[in-house]
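Colleague: Chain by chain, the residues:
Protein chains: 2
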Amino acid sequence: MDLRRKEDGIFLYIINIDYLLQIISHLCPARTELSIFHILIPDLRSIMDITEELRKIVGGRLSVSPSELYCYSSDASQVKGMPDYVVRPKSTDEVSRIVRLAYENEIPLTARGAGTGLAGGAVPVSGGIVLDMSGMNRILEVDIDNIQVVVEPGIIQDALNEALKPYGFFFPPNPGSSAMCTIGGMIAYNASGMRCVKYGTTRNYVRDLEVVLADGTVIHTGSKMLKSAAGYDLTQLIIGSEGTLGIVTRASLKIVPLPKTRKLVLASFKSAEIAGQAVVKTFSNGVIPSACEILDRVSLQVLKRYDPKLVFPSEGDVILFEVDGTENSAHEAAEQIIEVCSPLSLSIKLAESEKEMADIWAARKLVGAAVSRLDPTKTRIYVGEDVGVPIKKIPELLRKAQEISEKFNLPAMKYGHIGDGNLHLALFIDVLNKDEWDRLKQAADLVHRTAIELGGTVSSEHGVGAARAEYMEAQWGPALEVMRAIKKALDPKGILNPGKLGL
Amino acid sequence: MDLRRKEDGIFLYIINIDYLLQIISHLCPARTELSIFHILIPDLRSIMDITEELRKIVGGRLSVSPSELYCYSSDASQVKGMPDYVVRPKSTDEVSRIVRLAYENEIPLTARGAGTGLAGGAVPVSGGIVLDMSGMNRILEVDIDNIQVVVEPGIIQDALNEALKPYGFFFPPNPGSSAMCTIGGMIAYNASGMRCVKYGTTRNYVRDLEVVLADGTVIHTGSKMLKSAAGYDLTQLIIGSEGTLGIVTRASLKIVPLPKTRKLVLASFKSAEIAGQAVVKTFSNGVIPSACEILDRVSLQVLKRYDPKLVFPSEGDVILFEVDGTENSAHEAAEQIIEVCSPLSLSIKLAESEKEMADIWAARKLVGAAVSRLDPTKTRIYVGEDVGVPIKKIPELLRKAQEISEKFNLPAMKYGHIGDGNLHLALFIDVLNKDEWDRLKQAADLVHRTAIELGGTVSSEHGVGAARAEYMEAQWGPALEVMRAIKKALDPKGILNPGKLGL
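Chains as they are written, first to last, in the UniProt record's numbering: chain A, 1 to 503; chain B, 1 to 503.
One thing to keep in mind: the hints can contain errors.
Computed footprint of chain B on chain A; a stretch qualifies when at least three of its residues, placed anywhere within it, have a C-beta under 8 angstroms from a C-beta of chain B [said to hold, decoys possible]:
# : segment
1 : 171-185
2 : 207-220
3 : 268-276
4 : 282-288
5 : 319-330
6 : 418-426
Result set (BS3-like, lysine-lysine): computed pairs, CA atoms no more than 30 angstroms apart in a straight line [as the list claims (entries may be wrong)]:
#  : chain 1 : residue 1 : chain 2 : residue 2
7  : B       : LYS90     : B       : LYS270
8  : A       : LYS254    : B       : LYS493
9  : A       : LYS365    : A       : LYS281
10 : B       : LYS281    : B       : LYS260
11 : A       : LYS165    : B       : LYS198
12 : A       : LYS281    : B       : LYS254
13 : B       : LYS488    : A       : LYS493
14 : B       : LYS493    : A       : LYS493
It should be emphasised that the hints constitute simulated quantities derived from the structure, not laboratory data.
Beta carbons are placed, not taken as given, at the ideal position from N, Cα and C, and that holds for glycine.
Sequences and hints are given; from them, build the entire structure.
Modeller: Written as structure tokens, this is what we have:
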């Protein structure tokens, strides 16, 4: 299959394979005549056969031309890998037939949603077939009586919540990419976002998955039940498995009532470390905010350059505490946060209006993109930015992150979901400077190892993919062997998203 | 190992094996002299060797005498099975060495907590070793800063919550047996109870497990993190696996702030089916109570015979709606429930005092035990009583349960956690009447199959164990093969709790 990487097949890389196939079939309409090409171009027969078989399944929803394949060779990370085929299935049956074909021919197969991943999870690093699931994007059932919704995996998160709004319900997990990312991707990586601290991760909202296994068998992992105690929880096993155990083709998701109101407390602190202490103190006083975000002074500087009118405090590192509920309960919780944090803070106040609150959240969402304003000559690098530690270790992580930034002389911005221990550390480099690249790699490595030492994780919500696969051994020890045994049991030929998760 | 079931070894069954071993070692202090016994009593050497090896690990915390073994031959279900050895480990290292010994000698091994299970999960149906985990019952760390607690599996649920109360936190899952059951058992069966409807099941509160695998290897399945996206969620795989994949020796549990207040709404309805409709209506109006229990008219009759002073409504089937939160938010939610349910109810009111509320919950907890008051000549049978269906199907399940009760002429009491779709159906029979037994078995079978047909589960919270193993194929279809593949991958010799879960 990997013809385009072989020297004798290099010309296939630079011409349109679809066009080539047309020429060949014109030249030799009987299949036996193809043998001359088999000698000249090794593997061509198998490529042609697979292409034909795929076309039988999905018709025109197939791409084999290099220009189209190239669009599927990366996600939002630095990981690259060219697929051999891209198919855009429309039904579970199509997915099942494609997977079965891949299984019989031992072709690697990687599912892809919107390609917003930050760890290379959707990148076909071993080539093979990419299943573009974005066309399977229907809401199949809004089932308010059972407080759930049944969807296909390609639906976009914000689109789902727009559809649920008229019913007064929502699907809480909310990654920063919610305007683009698909539910399938969220399930594959157990996505969460800033409201995880109160509402939990995607994991907490999936009741049932329809999954196509490595050999094409279709199973259901759960039901519409709120709870069950009857067998292994395959739903939970699939969530976060990054497409290495099966392909999700349908999901039943728990939904929850929209809160009546939300309130926002802005607090600034002398240092990020003290800000971290305030968070720990808030939790141990029994207040669970619906979001709890840190924006350190560098992040604030970035945001102020982006929009000078923003109402953030003028000094210090900032925590945004959001609380939700009824008017009364949200007010009570906000007052309690102000009382608990006041002794530690430089300033603390309640956002005055709905508009002020909306502006602040809109700005928070832009912090990643706005980084370029800090130094237009440098490009933000994502490596190393999704570590997490137990809440109590947050102040220590913040201090160590600062030390690493100074040691390697790389400016860093620290932001993220501090309420659940998840810190996005963004180190800035000039991508054209090799020396900075080298220092970045060392610094990022140290950030990952520090998180593991603090009892944390190399990824809180972005996933492992190919980018963080090398840390799985250090994070898991002998438990990684258990994951490998499960992978082997469910995907004996290793066709499902190979090269990911350190398996 | 199964000497006591062989004819030539029957005498071992009726004398104390410990005493026999003393006699033997007195008669033949050198091990070579034992060979004469090997000829006379097959398998004796292996029994003696295993006994000696186990004694090396746990010293006196070992039982091999029939009278002691008998105490471990059942749980709270009808399932029976005699162990060959019972050991009471005190540490992870001891558990690991015991499991390793079992692995090397292919001896079945079943972990047991308090033995309150209702499906035979802790019963050694294939003999072998029972690991009595109740001695590993320490709270290792109350870590309020990380809002969690680290415990050994033998700790009792209520004891844990008593210890957490001074900190203002609690561990929400609350099975009816909370005064006796262990956290280890709750993890093995994904226990829940009446507050599941708001707080979820045990599954939602476990962050990390220390697990001894089938070959004695010790792993950690998670960390103290609130969230992670780095690899398969082995924590979730172990929860609900009923001791068939590994032995839990330590657990980090998420805890939550105790609510400021709780309020209780009592509503009565003309029929159980209408009561079910009121529950569906409440949820679809966006109110999530902290508990939502049904007591049908038969259950109320039972409770009134138990205590005539109880303040339950005088007619109809009753739903208890509990709401919790701050004084204001709980009051608002209670008012909303009254507004939503009034058009459907015969009567509806808020419990007037803390005492009235406490009395009602105390009575609710006794409904299982109080059944004997209904007809002192009959004994309640547990088979078939833990089915669950999607909330919307609750009215249909209630109607069909009534039909089954009438068809087989067996009186039935319907109670349970209607808010999460879990109905405990108790059919009464006289255990001495063979005809009633036969009808009970047919009726229970029909109840299970009805739940599956309605898209539900044969067990919502009690587990499958040996009692419901025969329904796994019907409930899961091809997904059961996936469970079997995982079981085989993690326990290739099949030593961990064989005969359970239909694996």
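Colleague: Evaluate each hint against the coordinates.
Modeller: Structure-based check of all given hints:
1. 171-185: violated (count 0)
2. 207-220: holds (count 5)
3. 268-276: violated (count 0)
4. 282-288: holds (count 5)
5. 319-330: Result for this restraint: holds, n = 4.
6. 418-426: holds (count 3)
7. B:LYS90 with B:LYS270: Not OK: LYS90 (chain B) and LYS270 (chain B) at ~54 angstroms, beyond 30 angstroms, violated.
8. A:LYS254 with B:LYS493: violated (38 angstroms)
9. A:LYS365 with A:LYS281: holds (26 angstroms)
10. B:LYS281 with B:LYS260: Distance ~26 angstroms between LYS281 (chain B) and LYS260 (chain B) Cα, so the pair holds.
11. A:LYS165 with B:LYS198: Distance of about 21 angstroms is within 30 angstroms: holds.
12. A:LYS281 with B:LYS254: holds (17 angstroms)
13. B:LYS488 with A:LYS493: holds (17 angstroms)
14. B:LYS493 with A:LYS493: Holds, at roughly 23 angstroms.
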